[in-house]
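For this one, chain A is given, so just place chain B on it according to the hints.
One line per chain: the protein sequences are A and B, in this order.
Using this note's numbering, read the first sequence as starting at 24 and increasing by one per residue.
Using this note's numbering, read the second sequence as starting at -11 and increasing by one per residue.
Think of the hints as simulated: they come from the structure by calculation, not from any bench.
Be aware that a few hints might be false.
Computed cross-link-like contacts, SDA-like style, restricted to lysine to any residue with a CA-CA straight-line distance of at most 25 Å [as the list claims (entries may be wrong)]:
| id | chain 1 | residue 1 | chain 2 | residue 2 |
| --- | --- | --- | --- | --- |
| 1 | A | LYS181 | B | GLY99 |
| 2 | A | LYS347 | A | ALA361 |
| 3 | B | LYS63 | A | LEU353 |
| 4 | A | LYS299 | A | LEU353 |
| 5 | B | LYS103 | A | ILE258 |
| 6 | A | LYS38 | A | HIS122 |
| 7 | A | LYS181 | B | ARG66 |
| 8 | A | LYS38 | A | TYR94 |
| 9 | A | LYS181 | B | ILE111 |
| 10 | B | LYS114 | A | GLU77 |
| 11 | A | LYS85 | A | CYS188 |
| 12 | A | LYS181 | B | THR98 |
| 13 | A | LYS181 | B | ARG136 |
Stretch-level coverage of chain B by chain A, calculated; a stretch enters the list once three of its residues show a Cβ under 8 Å from a Cβ in chain A [unchecked claim]:
| id | region |
| --- | --- |
| 14 | 66 to 77 |
| 15 | 85 to 93 |
| 16 | 134 to 141 |
Here's a subset of chain B near chain A, in silico, CB distances under 8 Å, partners left out [claimed, not checked]:
| id | residue |
| --- | --- |
| 17 | VAL54 |
| 18 | CYS58 |
| 19 | ILE60 |
| 20 | THR96 |
| 21 | LEU122 |
Cβ atoms here follow ideal geometry from the backbone N, Cα and C, with glycine treated the same way.
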Amino acid sequence: MDLESLTRTSGEWLKATGPDSDIVMSSRIRLARNLAQFPFPSRADDNVRAEIEEVLRTQIEKNPAGRRLNYISVSSLEVIDRQMLVERQLISREHSETHGQRGVGVSDEENISVMINEEDHLRIQVLRSGFALDECWSEIDAIDDAIEAERTYAFSDKLGYLTACPTNCGTGIRVSVLMHLPALVHTKEIQKVFQALQKINLAVRGLYGEGSQAMGDFYQISNQVTLGKSEANLIRTIQDVVPNIVSYERRVRQALVSENRRGLHDQVSRAYGILKTARTISSEETMDLLSSVRLGINLGLIDDLEIPTINELFIHTQPAHLQKIRHEKLETVDRNVARADYIRQRLNERN
Amino acid sequence: MKCERCSKPAVLHITELRQGEVRALHLCEGCAKEYLSHAQPSKKDGAIESDTGAEEAALDDLELQVCPNCGIAFKEFRSLGRLGCPHDYVVFEDELLPLLENIHGETTHTGKIPKRSPQSSQIQFKLIKLRSELRSCVEEERYEDAARIRDSIRQLEEDQSQAKPTSAPSEPG
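Chain A on its own, in the form it takes in the complex (with noise of 0.2 Å):
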């Protein structure tokens, strides 16, 4: 996979293909597996790591499942390249940072990531554009039948898949949903989704997972009980909430629209001319701006302009990759003017 042309595409997930793709940005399955005879990679030294690496690139290269993936060695990346896997969500932000022998097997769509030794030897990710959750788990459930076809996984019959952290023991399944929320946030009525998802234990997190804050009114959502419950199950958990909340954020968009079209029309308006026209601009006031573009193209209030494109600006305009299409590095100063130069070029070739 050749790193410098991703900055000039995006994955297949970011291209609102798939349904309620206006309010559901992504849908996201991972599963953390491990071999049963190697310690896990924060107890394993570089030998060992080495090791697994070798034997887990092995089943990457033989393309698990009859899906292609091309083995990249993160390992031997630059800082600003694996910050690039980062942003695109290809690799996790402790993946980036940890040392020692690892790697990932990207699809090319970015569609299938398959980290090793991350937190666990294998973290396999599978994304798709919109709510398509029953998608992601047939296609992750035959990659990790792949795989564990031909290597054996801690396992035990009580605890399930054994896991460095206790907290992803039993199915290692993480179900998650990215979500585009403006409304409910800009009423503030996003405060009672989270205590109601708190309550059926499922975790709320921003756009980059674990630890990160919510941008652009971007919330993650996600199970947080791993043990004593299927996969069909915990997925099943997610499918009943979201449609619920896609309801609701549609509901609170017409109400907004009907209660002030022309304040709202005037609104989106604005950042979209912020955004076409600034010679520098901070990534939390891209953000937000971006944003507000994206419901305002959601709502019919700005029609020259595709989703695709915003969903794209949100990955492209992040540190790493305005450095990549810079060919250089950039200090903060630097880089809100190369961003506001990449945004103008990008929303004005459109017209």
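Then chain B, alone, in the frame of chain A:
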């Protein structure tokens, strides 16, 4: 962070200096109250003090228990939050079960099961142990023992390859 004694959320973090040794304690409200009432320096009753000492020593023993496979002590897991190897789930089962109950509300897996024989994990654990024994035998030049262990490893490996599923993994072409 969870309480070291009962795995409720820890609210009190104590760093204790005792006989020149630094020790960090993380306790929930209930256990902290109990701990502090015992640790009052004004206490003059020698008998109670020695009782507490014994209790703490017992606690330390548990905490210092080490996994023979990866060498991690339960105490280390407490501070890192990560286990050392899959075998830790067997070695520290008594300590981990209440923790798992606390996190997940359940302690029995009901999800996907690998198609491969579930025993192969057990065989793997045996193999790890034997391989490390083999290494120390060779280092200590006990070649007869080493030969015997090597034979058992071969036997287990054969058992394992027979336990493999016959269906080929789904791959293109």
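- Item | Hint check against the structure, violated hint numbers in rising order | 3, 6, 11, 13, 16, 17, 21
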